[in-house]
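Taking the hints into account, I'd like the entire structure generated from these sequences.
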Amino acid sequence: EAQVTQNPRYLITVTGKKLTVTCSQNMNHEYMSWYRQDPGLGLRQIYYSMNVEVTDKGDVPEGYKVSRKEKRNFPLILESPSPNQTSLYFCASSPSNDAGGRGKLFFGSGTQLSVL
Amino acid sequence: AQSVSQHNHHVILSEAASLELGCNYSYGGTVNLFWYVQYPGQHLQLLLKYFSGDPLVKGIKGFEAEFIKSKFSFNLRKPSVQWSDTAEYFCAVLTTSGTYKYIFGTGTRLKVLA
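Heads up: the sequence lines are chains A and B, in that order.
Under our numbering, residues 31 to 146 are what the first sequence spells out, in order.
Under our numbering, residues 374 to 487 are what the second sequence spells out, in order.
These are computed hints drawn from the structure, not numbers from a lab.
List of simulated lysine to aspartate or glutamate pairs, EDC-like, C-alpha gap at most 16 Å:
no., chain 1, residue 1, chain 2, residue 2
1, A, LYS47, A, GLU109
2, B, LYS484, B, GLU393
3, B, LYS474, A, ASP86
4, B, LYS442, B, ASP427
5, B, LYS474, A, GLU60
6, A, LYS99, A, GLU60
7, A, LYS134, A, GLU60
8, B, LYS474, A, ASP89
Every value quoted in this text rests on a predicted model; they were computed, and no experiment measured them.
So, in structure tokens, the structure goes:
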């Protein structure tokens, strides 16, 4: 089944404790991206990657890191989480060609992060 | 700065009523436009998209949207809503000039009363 898999679904942590949220897709998509969803603010893009070893900042990259060593994986790293990073996070991927549905984002199920 | 505005934050309708959700964007380059839907407890799913061609696009579940370039708008419509359309709806723009960024609106929560 074609899907984007995020783990964990729920995470509670404390300020300053490094954490990684994993994201994997099995559709051979070139494009992957991370978003945070906050009430009243919609989704805001954190980082995106056009392909392996190619990443770029979205609108709210501060406090986050990403890497794209393999096409299928795009982990989100919080080196020193703070309470203002408490949010619902979504990973998404997209093909880059029209036949595959260029531009259409396939979303993971989300990770609810609470930083105490 | 590039932005997407959804002016209706909450909409309540009765079943069979017609729906129109507004979306305006601020971006000077070529735009690719999307509407996504998020049902309670689920992730976002694509309703429809516009890249070029016919400005009236049809999506899944009877939804359609019209791109009006002069108004920088991409409003979502459905002639007759159902209870199952209760969800949050997001308009989004994909910018492809120099960067490949998605910009989402703040969302519209639709509640359809049975």
